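As you go down the protein sequences, you meet chains G, C and W in turn. Per the working numbering, the very first residue in the first sequence carries number 106; after that it's consecutive. Per the working numbering, the very first residue in the second sequence carries number 915; after that it's consecutive. Per the working numbering, the very first residue in the third sequence carries number 75; after that it's consecutive.
Zero decoy hints are in this set.
Covered by chain W, according to a simulated footprint, are these stretches of chain G (three or more residues, beta-carbon under 8 Å):
1) 427-439
2) 446-455
3) 460-468
Hints are computed from structural coordinates only; laboratory data are not their basis. All values reported here derive from a predicted model rather than from experimental measurement. In this text, a Cβ means the ideal position worked out from N, Cα and C, and glycines have one as well.
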Amino acid sequence: MDLYLGLKVLWWLLLGVLLLGLAVMVGMDMGVGALLRIIGKTDLERRSMLNAIGPHWDGNQVWFILGGGAIFAAFPLIYATAFSGLYVVMLLLLWSMIMRPLAFEYRSKIPTETWRNIADWVFLLSGALPMIIYGAAMGNMLQGVPFHFDWDLRSHYTGSFISLFNPFAILAGVLSLALALYMGATMMVIKTEGALAERARTAGSIAIVAAIALFAAGGVWVSLMPGFILVHSVDPALAQTPLTQTVEQVAGGLLANYRGYPILWLVPVTGFFGMIVGGLLLRAHRPATAWWFGIFAWAGVLGATAVSLFPFLMPSSSNPSQSLTIWNSISSQTTLLWMTGFTVVFVPLILWYTSWAFYVMRGKVDASKIENDPHAY
Amino acid sequence: MKVIGYFLLFFVLAMILIVLAIILGDSAPWYFAWIIGTGLLILTSAAAGFMFDTQEDKAKGELQ
Amino acid sequence: MINDTVVALSRWQFASTALYHFLFVPLTLGLTVFIASLETVYVVTGKSIYREMTQFWSKLLLINFALGVATGLTMEFEFGTNWSFYSGFVGDIFGAPLAIEGLMAFFMESTMIGLMIFGWDKLSRGQHLIVTYLVALGSNLSALWILVANGFMQDPQGAIFNPVTLRMELQSFSALIFSHDAQAKFVHTSIAGYVTAAIFVAGVSAYYMLKKRHLEIAKRSFRMATIFGVLSTIGVITLGDALGFIGAHAQPAKIAAMEAMWVTEPTPAPFNLAAWPNQAKQENTWALQIPYLLTPLLTHTMDTKIPGIAEIEADNVVRIKNGIPAVEALKLLSANPTDPAAMTQFKAHEQDLGYGFLVERYAQDQDVSKATDADIAKAAKDTIPDVFTIYWVFRIMVAFAFLMLAFFVFGVIYSLRNDIEKHPVYLRFAMWMIPVPFLACEMGWITAELGRQPWTVYNLLPTWMSASSHSVSYMVFSLIGFVSLYSIFIIIEMYLMVRAIKQGPDVHHGANTGGHTKDKSLGGSVLGGSYAPVHAKALMDEQSAKEV
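With the sequences and hints as input, model every part of the structure.
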């Protein structure tokens with residue numbers, strides 16, 4: 106197999122891994138943030154929740170930054186087109202994301218009720234909104250986004266901001282929020298005790314049932330939506346731009362890959378499997394295992410999206426022939442090779458020290474300690 | 915046995931450092947200067963802390 | 075069509091968010107290293123006071139760190155949201171260091187800082203020290219990769235334009251990371267962070283000494299900070315000189331602006347100690363000159379020519395004319411990448427492609443084929459950055475550097491004589507010094523980035539082309555959003571920082587849990603007694619009384 110083509114496929118898979126890491130790790134913290142006011146009834150309960158993820162949220166958030174950086178490096182044209190096209194959405198995402206670190210660091214530093222209430226609302230907003238946008242962005246990719254390029258690859262987005270929140274995108278956004286709530290609630294069952302843990306179990310159960318229903322509804326919807334087919338293009342192994350291909354929209358096109366390779370149906374099945382088994386384990390008082398099954402759920406949902414789109418990443422609904430695919434939006438071979446080298450060395454290292462950090466801080470949060478520790482969140 | 919293990923560990927570390935120094939010294943003089951400089955800076959200011967405590971102890975000894 | 079207002083608003087937005095982010099970065103870079111030094115003393119001597127110092131400065135670090143992280147997110151997004159043409163054009167090279175920064179540095183820093191703050195009781199002393207060192211290393215490696223990316227914008231090394239994909243592509247990774255500009259700029263910036271932290275620690279310690287509080291912690295911190303600071307300030311000045319030397323070769327227009335040199339002077343050229351540059355007339359209204367000084371200062375020789383602004387501008391007219399056919403050929407290649415005639419024409423004019431782009435702004439319909447001589451003259455005038463601002467901002471930065479050096483030299487003398495608390499005027503001055511390094515860092519950023527104009531990537535991509543094609547209303551919306559959010563943030567941050575400083579170190583912390591105490595003087599009556607248990611308790615009560 107051609108080296109460049111191999112690297113292109115590898116980085117498509119790695120992009121998936123990154124988006125999965127982001128969804129699992131950041132999503133969990135977001136879920137906790139969104140649940141803060143709902144299942145945490147007293148200030149001490151809320152502080153217990155925050156301190157449960159306190160030592161790790163900073164590291165988890167880097168998945169988000171890494172996701173942005175990796176898209177920039179490996180798929181510069183996607184980064185440029187998507188981030189500028191979805192401008193207002195991206196800014197809302199960004200603003201809610203930058204309020205979160207501050208809510209974390211500063212919430213417990215000022216002991217007044219008003220201040221802490223403000224911080225709690227910030228947690229709710231900055232937990233729920235980014236996850237909805239994350240899902241809605243995926244939903245929009247499935248439908249295609251209205252954009253086109255000039256001769257020099259300057260991109261122009263021609264849709265409105267509101268059109269990004271169409272019914273299907275909202276469904277995808279709520280699905281993503283439900284999975285995040287499930288992961289956050291499960292972590293709270295692991296990390297806290299008593300009535301709080303019990304409320305977290307209830308919240309997690311509701312979230313996972315909602316996720317199952319939404320994923321099934323989304324699947325039916327996708328089968329009815331038009332998809333994109335690459336009619337004519339340059340050899341995928343060659344360097345190319347989105348200006349030299351022909352793309353058509355066909356009914357049922359989003360299921361074309363599943364029809365071609367029925368084994369791929371296993372991908373969405375994995376998603377359902379993860380959600381159902383995870384939910385049952387949560388009821389059966391096995392929260393740690395339930396959390397791990399949440400990863401399968403996320404992998405199934407993201408994987409099903411990727412399979413539906415392949416080889417597209419960001420189709421254009423207004424000018425389909427200028428759609429962005431893996432082949433025409435990816436970086437050069439040299440860049441991909443170097444990035445692969447760094448990934449091979451550093452991703453295992455990251456996984457190793459992240460697990461170590463979780464290991465060091467293992468165990469339930471001790472509510473009595475929080476009040477005496479000046480460093481506690 | 916333990917001593918030999920430590921010896922080997924430090925020996926390998928020293929070798930890596932030498933190779934690194936040769937490579938960096940050639941193509942990246944400023945990066946190299948930064949590594950050495952920052953290390954020395956940390957140690958020097960740490961030494962300043964030790965020195966302060968020595969001065970304090972001495973002053974206290976004279977008082978008594 | 076590219077809209078001038080959108081470009082201008084994008085520039086203002088980037089400059090203000092980057093300068094804001096850069097208010098928090100230097101302190102993190104330096105304070106993490108300084109804290110590593112403090113904790114080293116704690117681990118080696120086992121004296122619990124150094125643990126208290128480590129924890130106290132960590133607390134202040136964390137307040138600062140939160141805003142650094144939050145505003146750094148903005149930067150990661152902003153290339154895509156506001157500078158999408160730039161991102162597509164150089165993402166192949168520019169994105170890699172940003173991604174590697176996440177992989178190699180920021181992940182480590184962020185994971186370890188959680189353990190550094192919360193892991194005191196869960197890690198052994200040695201393990202905790204390693205964690206602290208990794209935080210310091212992580213934050214500085216972070217700066218390294220960001221400045222490698224910035225180095226590419228200043229002096230693009232290791233990349234080549236690919237006419238098939240219409241973008242810059244990576245050729246040599248080692249040329250990219252070992253670029254002289256990236257090297258010198260990283261060290262300059264990192265050490266500027268050390269200086270910032272040293273001034274900050276010295277200033278806060280001075281405040282305690284004036285208030286006669288926490289003397290044991292303040293005096294030790296002050297001693298270590300002044301030694302730390304005096305050495306780093308020397309380093310910053312050295313690297314500043316190195317950057318000038320590198321810039322003289324890579325970016326002559328920036329250097330000419332920094333020195334307000336309108337015409338090429340016979341070597342050795344005179345140095346404009348102070349001047350009043352007038353860009354419209356291309357001359358200095360007045361100038362205070364030192365003869366012969368500039369050439370040796372900048373080039374470290376007596377006879378290397380330093381081109382003046384008039385000469386640079388004249389040369390650029392030629393380059394723009396030579397670049398126009400490259401842009402025309404590229405347009406043909408975009409439709410048909412295998413057009414041999416267009417490829418030949420492109421290869422012949424490739425080296426001036428960026429200069430061809432430069433005239434797009436002034437040509438009719440933004441089409442370079444329609445450019446007139448008058449358009450070309452305007453574009454050539456654009457290649458000279460804003461001389462007045464750069465000249466003065468650069469000068470004030472240098473003046474601040476020497477001011478800080480003098481400050482530290484006095485500090486070292488007083489501290490080594492161990493009579494620092496007998497100099498209240500100096501201590502008061504030390505408090506007033508706190509804003510100085512922050513301002514100097516901001517001015518360094520302005521010199522480097524404003525001096526790079528009109529390019530985002532030097533000689534390759536004009537700033538004017540780099541922005542996204544948004545409407546003015548989008549840009550106004552986002553600018554208003556940033557200004558209001560960031561204003562709220564800085565108020566909260568300053569409030570918490572001042573509050574944490576006024577509260578001072580948690581003296582009880584060490585007394586309760588300091589199991590490793592070897593310190594013989596612990597029970598003794600020490601000046602100020604901030605860590606003698608009896609006084610500590612009194613102080614604690616006083617503090618909790620204040621809190622209620």
